[in-house]
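Make the full structure from the sequences, and use the hints.
Residue numbers (my numbering), protein chains in the order written: chain B, -12 to 592; chain R, 204 to 565.
Keep in mind that a hint or two might mislead.
Within a straight-line C-alpha distance of at most 20 Å, the following computed PhoX-like cross-link-like pairs (lysine-lysine) qualify [unchecked claim]:
| # | chain 1 | residue 1 | chain 2 | residue 2 |
| --- | --- | --- | --- | --- |
| 1 | R | 550 | R | 404 |
| 2 | R | 550 | B | 30 |
| 3 | R | 528 | R | 538 |
| 4 | R | 554 | B | 30 |
| 5 | B | 51 | R | 554 |
| 6 | R | 415 | R | 375 |
| 7 | R | 520 | R | 538 |
| 8 | R | 271 | R | 246 |
| 9 | R | 538 | R | 366 |
Please keep in mind that the hints were generated in silico from the structure rather than gathered at the bench.
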Amino acid sequence: MTAAGRRFGAWRAAWPLLPVLIFLGFFFLYPVGQLLWLSVEIKGTGALTAMHYQRLFASTLYVKVLQITLETSAWCTFFSIVGGYPVAYLLATTSERRRNNLMLWILLPFWTSFLVRTFAWIVLLGRNGAINGWLQALGLTDEPLSLIYNFTGVMIGMTHALMPLAILTMVSVMEQIDANLPKAASTLGARGGQAFWRIYFPLSLPGVAAGGLLVFITAIGFFITPALLGGRLQTMIAQVIITQVQDLMNWAFAGAVSVLLLVTALVVFYLYDRALGMSTLAGETPSTQGGGGRNPIARLSAWIGGHLLGAIGRLCDIVSEAYERLVPRPASRPTREWSRGVLAFLVFLIIFFLAAPTFFIVPVSFTTDAFIEWPPKFFSLRWYDTVFVSPLWREAIVRSLLVGVLSASLAMVVGAPAAFVLVRQRIMGKTALLALVLSPLIIPRIIIAVALFYFYARFGALINVRFIGTSLGLVLGHAVLAIPYVVVTVMAVLKNYDERLDQAAGSLGANPVRTLWHVTIPLIRSGLIAAFLFAFITSFDELTIALFVSGGLATTLPKQMWDDALLKVNPTLAAVSTILLVFITGMILAAEYLRRRALGRSSAA
Amino acid sequence: MTEKLTRIGKLVIGRRRVLKIAGGATLVLAAPAYWKKLSAQEKRIVVRDPGGPYTAGFNEAFHEPFKKATGIESVGVAGQHEPTSLIKGMVDTKTYTWDMALLSQAAHDQLVSEGNYLEDLKIDTPGLRSTPDHFKSAKYAGNDVFTAMFAIRTDHFKGNEPKSWADIWNVKDFPGRRSLRKHPFDTIEEALLADGVPGDKLYPCDIPRALKKLDAIKKDVAVWWTGGAQTSQMLKTGEVHICTTWNARAQAAIDEGAPVKIVWNQNLWSSEGWCIIRGTPKADMCREFIKFAVDGARQAAWTKHVAYGPTHPDAFKHIPEARAKQLPTYPDNFKTAIRADPVYWAKHKDKVTEQFEAWLLT
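Pasting the structure below:
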C-alpha cells in the first residue's frame, strides 16, 4: 500500500472526528470566519484591504498589549502548574476516600461565580481588607501592603480561577500511572528523588502538558479579573477587542486584533508542541523516552529535559541526605513519611488558597450590610430572603443548571470521540485539527457571540427554528466553548491508557462497542468526569454569549448576577453562591453515600 | 436484574439512567411550550434597560401603569452595557429580541452615524414639547441624566475637602489615594478642566494637553477603575479617598452610611433616552410607550430607585426635596454642569481610545 493510501485508510477510520468537525464547522468556523472576513474586506465592496492589519502595527499599542497578555498567561500557567502539581500528586497517590474528600475542597471555587470570586478577592486583598488587617494586627507589617491593583492581584485572581483546571487535568493522568514503577526504580537503587523525577514525573508529563495548555489558552481570554484586580499596566487583549466591538462598533478592526491573537496563540501552540511534546498528548512517543523524534527541536528539548530531570533528582537526594545527616531521623519514621508530611503541608496551603474566597463568601452572606465587606455585620437572612422570594433567581439557577448539563453532555458526545481518534489514529494534519479544536478558546467570546447572533438569526429563519432568546441557542453556543476542554482532557487520559486492555477484551470476544462501554470508559472515568465538569463550568459561568443570544429574555445565573451588581455588588450574590455551594456539595456527598451503599450491597451479595 | 452501576467518580449513574436523562432532556428541548415565541403575543413590547435598580424603577413608573392604561404589555429586560452591536445585529437580521431600548445618547449617536439603526420617533406630545432640546432628537426622547463627578471620603479629608477637578491634581494640599477611570471618556475632560480649560471651550478636546496633565498625576493614581460597581465598593470600604465615578454609584455608598460626599462642581452630564429599533413590527406600540413615559410625574416615580435626574422639568414637583437634592438635574447640582459632548466622542473615540491606552502603558 502506498503512503497516501495508508493515510486515506487512516482517515476512513477517523469517522468519529466527523461530529466535532461538523459541529464546529457549523457553529464556530463558518460564523466566526464570516465575521473575521470583515477585517480584510473594504466595507461592503468585497475588495480586499490590509488597512486594518497595517493599523495593528502602526502603533506599538497592540503588540504591547499582546505581549502583556502572553506574559500574564504564561506566569499564570506557571503558578497553576507548580502549585497544582503537588495537589494532583497527593490526590493521585492517596486512598480513594481521602481523594474524594479533598476533591470537594478543590472543586469549591468552581461553584462560586467569577464575579463573586473576584469581588471576594477585592475585599480580602484591599488596603482595609481582611488580609492586611490580620497582617497588621499580628504586627507583621506597619503599612497595608499593595496586594491588588497590580500584577500580584492579577496573578492571585487568575491563578485561583485556573489552578483547579490544572489540578483536575493532571490528576486524571496521574491516576493511571502504575504505582509499581517508582517502587521498581527504588528496588533498583534509585533514591526517592531519582525515582520521582526520572520515573514518575516524565510519566505525568501528558497531564502537565494538557493542563498547562488549557490554563494558558483560557488565561489568554481573561479580561474581567485583570480589569478588576489589575492596575494601569494590566491591559489584556480581550479587553481591547471588547472595546472595539461594543464601544466603537469597529468589527473589522476587532477582527484584525482577533486574528493577530489567534495567529500568535497558534504559533505558541506550535512551538510548545515541537519543544515540550504536545505530541505526547497527540499520541506520539513521548520525547523524554524516545528522544529519537524526527525534529531537532524535540530532540534537543528531550536531551535537555532528560538531563535536567536527572540533575533535579540528584539535587533532591543530596539535600535530603544532607538533612538526614544533620537531623538524624528516628528509626520509627522512614523518609517516605517525612516527605509525605511536607507534601501534605504544601497541599494544605494550596487548598487553603483555593478555598479562601469561599470561606469568606459564606459569612458575608449573613451580613446586615448592603455591601460585600469584611468583617460582616451579623446577623441577617435578608439576602437569602431576596433569593428565595424572587422567581427571577430561581428561574436563573434552574436554567443555568439545565443549560450547563445539556451543553456539557453535547460537548462530551461531540468531543470525546474526536479525542479517541486524535490519540489513536495516525492521520495527517493532526496538529492542525487540534488547533481548530482549541480555537474557540482563543477567539474572544464577544466575537463568537456576535458571529453566533448573525448565524442563529439567519439559519434560524431558514429552518424556522428559534435560536435567539431561547435556551437552545445557549446550549449550542456553550458547547462550542466547552469542546476544547473535553477534547484535550480526554486526550490526556487516553495517552496513558494501555490499549492492550482493549485488545484483551477484543480477544475475549467483546465487540468494539462493548469494549468501549465495559472496559475503556470505566477505566478513564476520572478523565471523563473532569472533562464534563470543565464543560459544565464553562457554561455555568458564561456571560457574554448569554447576553447576546438570550437578549435578556432567558436569564442565566451569571446574567442575573451581573444585572444585580449594576450599581454595587451586594450580598445577594454571596447568598446565591452559598446556596449553590451547599446544594452542589450536598449532591456530591449524597451520590458518594449512595455509591458506597451500592458497593456495600454488591460485595455483600 | 440489578442495574449495573458505572461508577463515574463520586456520582453513581446507571447506564440506563444516563439514557433516560438524555431522553428526558431531549423532550424538554423539544417541548413547544418551553420554546414558545415570546414576542408572538399580540400586544407586547420588549424594552431594554440597563438592569439592576432600573428594572424595578421602570416597572413601577412605566410598565405597570402603561399596561393598565393601554392594554399593551411592556416588558423590561436588562441588556448589556452599550448594546450597539446587538442592536445592529437585530436590525441587520430583522430579529427583534427587543423592540425599543433605553440608550445613552452616545450609543444613539453611534447607531445613527454608523448606519440607520433607529426608527424616527414622529411623536408630538406636550410631554416631549416641554422637554428641553438638549435632551431629545428625531430618534431620541430623553429620560434621565447621569453625571460623571468625583466623590470624596469625608473622614479622610476632615474639613479640608477637595472642591474642584484641579484639587484632584493637587497632591500636596490634598494627600490621599486617588482613583480615575481607565477609559478616555470623562477622564480626558477632567484633566483639561483641572488644567484650567473653561467648561464651554472643552470641545474639541486638546488631547496632547490632557495627556500631559495626566502625566502629572500618573504615579499618584492608586487604582484605575474599569467598572462602576468597583467605585461604589472602593468608596464604601475606603480603599481610595478620591474617586471619579457616576453619581448613582457614589450615592449607593452614601445610602449605606459611608462617609462619602459628591462634589457637583463642573460635573459632566450625559443623558439616556428612549429609542425604537428600526424595522420592529411594533414601532407604533413603542411610540405609545414613549408618549406615556415622557411625563414629569411618571419620571418622578423611578427616581426613588435610581439616583439619576429626570429630563422633564415638571418631575421635580413630584419628588421629595431630600431626594431631589441628590439628583443631577436638581437646579443647584445642574448649575455648573458641563455637557459631555456625544458628537465629539462619536467622531474621535476610536483614535483617542488608542492614544489613551498607549499612554497608560508607557
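Straight-line Cα separation of residue 528 of chain R and residue 538 of chain R no greater than 20 Å?
holds, 13 Å
Sort out whether residue 404 of chain R lies within 20 Å of residue 550 of chain R, counting only the CA atoms.
Roughly 17 Å separates the two Cα atoms, so the pair holds.
Assess, step by step, whether the Cα of residue 520 of chain R is no farther than 20 Å from the Cα of residue 538 of chain R, and give holds or violated.
This hinted pair holds, its Cα atoms lying about 18 Å apart.
Decide if the proposed pair is consistent with the structure: residue 550 of chain R and residue 30 of chain B, CA atoms, cutoff 20 Å inclusive.
Status holds; Cα separation ~18 Å.
Straight-line alpha-carbon gap residue 271 of chain R to residue 246 of chain R, limit 20 Å
holds, 13 Å
Residue 415 of chain R and residue 375 of chain R were given as a pair; does the straight-line alpha-carbon distance stay at or below 20 Å?
holds, 19 Å
Residue 51 of chain B paired with residue 554 of chain R [C-alpha distance capped at 20 Å]:
holds, 17 Å
For residue 538 of chain R and residue 366 of chain R, compute the direct alpha-carbon distance and say whether it is at most 20 Å.
holds, 15 Å
Has the given pair, residue 554 of chain R with residue 30 of chain B, been kept, meaning a C-alpha gap of at most 20 Å?
holds, 19 Å
This entry satisfies every hint, going by the numbered hints stated previously.
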